[in-house]
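One line per chain: the protein sequences are A and B, in this order. So for the first sequence, my numbering puts the first residue at 1; every next one is plus one. So for the second sequence, my numbering puts the first residue at 1; every next one is plus one.
Source of the hints: derived by calculation from the structure; they are not laboratory data. Model, not experiment: these values are computed from the prediction. C-beta: ideal position from N, C-alpha, C; glycine also. It is possible that part of the hints are untrue.
[Said to hold, decoys possible] Derived EDC-like pairs: lysine to aspartate or glutamate, alpha-carbon spacing no greater than 16 Å straight-line:
1. K158(A) to E158(B)
2. K334(B) to E300(A)
3. K334(B) to E299(A)
[Said to hold, decoys possible] Label-pair distances were calculated between CB atoms; the ranges are:
4. E145(B) to K77(A): 55 to 61 Å
5. E555(B) to D303(A): 57 to 63 Å
6. A108(A) to Q148(B): 36 to 42 Å
The lines below spell out each chain.
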Amino acid sequence: MALLSWNQFTFYQPSVGRMLQNSIQTNRLSHSYIFEGPIGTKRIDAAFLLAKTLLCTQKDDHANPCGVCHHCTRVDKNVHPNLFFVQNDNKEIRKEQIKELLVEFGKASIETGPRIYIIDQAERFNQYSANILLKTMEEPGVDIFQILITTQINSLLKTIISRSQILHFRPIDKCQIKSDLEKEGFSPLLSSAVSEYTTNIDMAREMVENPLIVDSVQLVIEMARSLQIKEKSIVLHFKEKRSAILGDMAITDFFLTMLTLFLKDILNYKVRYLDLLVFTTETELIGKLSEAISQKRIEELLDKMLGLKSRLKYNINVALAFDKLLAYLERGFDHGISSSSSSI
Amino acid sequence: MGYRALYRVYRPKDFTEVTGQKHITITLQNALQNNKVAHAYLFSGPRGTGKTSIAKIFAKAINCEQAPVANPCNICPNCLGIQDGSISDVIEIDAASNNGVDEIRELRDKVKYLPGYVRYKVYIIDEVHMLSTNAFNALLKTLEEPPQHVIFILCTTEPQKIPLTILSRCQRFDFKHITVGEILMNLHEVIRKEEIVIDEDALEQIAIFAEGGLRDAQSLLDQVHAYSPEYIKLDDVNQVCGAISVEKQIDMAKAIIEMQPTRAIQSMNELIIEGKELYRITLNLLDFFRNMLMFKNVGITGVANSILSNEQFIQLAKMTSNRRIFFVLDILIKTLNDIKWSNSPKLYLELAFVKMTDSETDSEAKWIDSMEKIENRIDQLEIESQEIKKERAIRDVQQSVSPIKENDTVDREDVHSEKETTFPEPTMDEPQAEAKADQPDEEALLDDTEKAPATRSKPCNLGNTYNIEFIEAVLNNGNRDDKLYLIDHWDRLIKANQTLPHQQYAARFASGAIKASSVDKIIVTFSSAAFCNQMMKPSVKRIVREALYKAFNREIDYMALPEDIFTEVAEEFAIQWHQKKRNIKLSPIVCAELRDVSNEVSEETVVKEEKIVEDAVNIFGDFVKVKR
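Chain A with its partners taken away, still in its complex shape (with noise of 0.2 Å):
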C-alpha cells in the first residue's frame, strides 16, 4: 500500500504532510528527519514517498512524484542504489550495521541523483551505533538524506534529536478504525477492543480473525463476571484457560491490555465519563463492578497492571505474575465487601 501522492498522504497526516510538501517545493528540505509517532501512522510510507518525491526526475508541479519512472519503480520495489532502508529483526541495532551504512556513504554513488537511507525503529539504537551516526548526520555530503523513523522518540540521544527535524505523525484516529471493523462486519466489542490495541488498520485486521483475541477478550469478560461471584476465584478461572494466553507473548500483552482496559472502564464509570467505554456491551456489569470497589484501590490496581505490563518483555516468570495480580485484584473487590461486614 505505497503512498502515491502527497494529497493522498497529507490525508492522513495534515500537519506533516503540509511541512514536507512545502520544504520539497520551496526547496528547504533539510538533510536529517526523524519520523516520530505510533505504529500505522504511515511513517515508512511517508519514508517512501519522499524518497521517491527526492529521486524521480519527473516530478508534477505539486512535488508529486510520477510513479511510473525507472527510479520510482525500483523505490517501490526497494531495489533503488541509491535507497538504504536499514530494519532490523527485533533487536539492537548494531554498531556494524551503521558503520556499513557509513563507509557505503563514503563512496561516490552508483548512480547520480541524492541519496537516502532510512533507519527503522531507531529507538533499538544503541550506545555505540548512535553514537557512530552523530558526526556524519551533523555533515553528510553533498545531496545526502536520512530519515529515523521511532515510536519512542524520547530514548534516542538528545544530540541525535537536536540534529534532526522531527516530524510527530499522530496517531490514526481509533474512531475510525472501529467503525472500518464494524463496517466489515465483526463485532462491536471486538472493534472498539481492538482499536484501543492498535491504530494500524492492518495489524487490527488480522488480530481480529486471530481466534486467541477472540477468545481474550471473551475471558476478560468472563472473569469480570466471576469477579461477583464469592464461590468462584479467578486466579483458577484463569488457570484453566491460561495456556491458550500465556504460549504466545503477544496474546499474553494483548490479554494484559484488555485487562487493564475493563478495570479502566470501571474507574471511567466510576468518575462517571461513560464517552469512552470500551467494553460498551457490558455496562451494565461494570457499573455493578465500579461499586464493588473503591476508586484508590481501582487506582492501585492500575498501577499494579501497568507496571506488569512493562516488565513483560524481561524475561520473568508470567504465569506466576499473573497469578498474583488476579489475586490482588480479586482480593480488591472482596475488600469492599468484607470491609463492610467488619465494620458490624
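Chain B: place on chain A using the hints.
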C-alpha cells in the same frame, strides 16, 4: 539541491559571532592574544551550545597568518582553508566511530609529524566520551606531553564518562545552556538575513522550546518556516513542536484543580487527536504547575514568561493551595517517568488525571490542611476540660471530705463509726441513715456474710454501696482478657442457672454489660440507676454471686453501675492513666439516683428469717435464744 540547514549556514565563523559562552570566548581570546595556548582542551556541555564551533574557530585563530590574534581574520588562505576543510592539519575526528585503541595508536603515531601548511596541527576529537578505556589510556601519554606543534581539543556532551586522568591533563571549559534571551538575539539575526516573517511571541516560543540548544532553535525555525513559508504565527510553532496552547493548558489545569476528571480526560483526548505527544502534554502540565508554584511563592521568575501575566492563570494560582500543587506535581513527575519507558503511555496519563482529580485523596490533603486547626481546638478543649475537672474535683472533695476520712478509720474503730451513723448528712442519704439506725444488728450480720471486703465499712453514705475503692481496684488491676472471656461466655449465666431463684436474677443481671474485670471483681453497667440499686441490694447480690459462681466456677464480686456514671468514671481514669499515673485514685461517685442499699434487706428475707425463728421456737421452745 543546494539547501543547507540553517544551523549549518549560521555556524559562527569567529568569536564575536558565538552566542553566549562569554566566559569561554574571553578566556580563549586572551590566551591566543598572549600566546599562552595550552596543548589540550576539553570542551563539555549540553548539545547545541557551541563546543565544536568554538573548537573550529580556535583552530583557525591559532593558525591565522596574522597570529597572534584574538579573532581569526577569515580572509587569509589559512583561515579559508581550515573553514572549507581543505587544510589537512586541522583534523576533526569522530571518536564515536574511531573509538578503538587501534585508531588512537594510529593517531599517536601521526602526531609526531610536522604540520604541512600551518603552524599547528589541531586535533578536534568530537564525542570523546565514546572512546574505549583502552583508547583513553593509549592517549594519556601523548596528551600530557604532545610535540610543540600539536593541540588537542576534546569535545563531549558527557564529561562524567571521561577518565580523571584525561580530565587532569586538559584545560576544561564547561559550556552552559544558552539563555532564552541570547537565543532570541541570534534568531533575530537569522530571520533578518533569511527574510523570514515571524511573530515575536512565536519566536519566543521557539527559543523557550529549544531548551538551551541553539542548534535546536535554528532547526526548529527551519522547520516552522517550512510549515508556513509566508508568515509564522504562534499557533504554527505550537503545531510544529507539539506544544500546547496556553488556553488548552489553562483549560486542563482548571479541570484538574476543580476536580473534574471527565473534563480533564476529555481535553487530553482532544489534544491527542490534534497530534500532541503525551510526553509533551505531561511536560507542559508539569511546567504549568511549576510556574504556578513559582508565581505563588517567589513572584515573577527571571525569564519573561507570557503565561505569568495571564489573567486566568493568576486566578487559578490564587485559588489553589501549595499542598495541592505539590500533590499534582508529584503525580506528574512520576507519570512523566512512567510514560518515558512505557509502551502504553496513554493509560498512564489517564490514570494520572484520575488520580489528580480523585476527591478521596484530595480530601486527605485537605485533612492535613485542617489538621492544625483541629489540633489547636483539641488543645484548647483539653485545657478547658482540665479546668472543669479540677473545679469538680475540688467541689467533690469539699462534699465528701468526711466519708473518705471515715473509710480510713472505720476499720479500726467501730465506736467511731457509730458516731458517723448519726453524722448529719445533707444529702439524700438521710433516710437510709435513719433506716440503718433502726436495724443496726442486722446490718452487722449482713456485713459478715455478704459484703465484699472493700465495702465492709458501715458508713451510711453512697460510698458504702458504690464504693469508689472497688472501682479503683477493678480498674487499676483491669484484666482485658478476662473481660473478653466473660463477655464471650456471658450467656452461661443464664444456661447455668435454670432454677429459681437464681434464674430470675441471673436473667436480669445478664442484661447488663461487663465494662471491666480484675478477675475476682467486675463492673457491670445497666441503663437505669434504679435497676442498679436493686442489683446492689445485699440479698440480691448474694443470689447473683451464687449464680456467677455456678456459671464461671469462681467467686466473682461485682458492682452494678449506671452506664453514664461508669463512662464518667472511666474517663477520669483514662485521663490520669494517660498522664502515666498508676494506682489511680478517683473522686467518689455522685449521683442523685443511686442510693445506699447496703442496709436494706428485702422484705422477703426478713419474713423468711422470722418464719425460721418462729418454727425453731415452736419446736425447741424456750431453748431457743435468738441472737441478733
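How the hints compare with the structure:
With a CA separation close to 11 Å, the supplied pair K158(A) and E158(B) stays within the 16 Å bound. A hinted pair counts as satisfied when its Cα atoms are at most 16 Å apart, and K334(B) with E300(A) qualifies at roughly 14 Å. A C-alpha spacing of about 14 Å is found between K334(B) and E299(A), which places the hinted pair at or below 16 Å, so the restraint holds. Between E145(B) and K77(A) the beta carbons are some 58 Å apart, a value that agrees with the proposed interval 55 to 61 Å.
About 59 Å separates the C-beta atoms of E555(B) and D303(A), a value consistent with the hinted range of 57 to 63 Å. For the pair A108(A) and Q148(B), the supplied restraint of 36 to 42 Å holds, since their beta-carbon distance comes to about 39 Å.
Violated hints are absent here; each numbered hint is respected by the structure.
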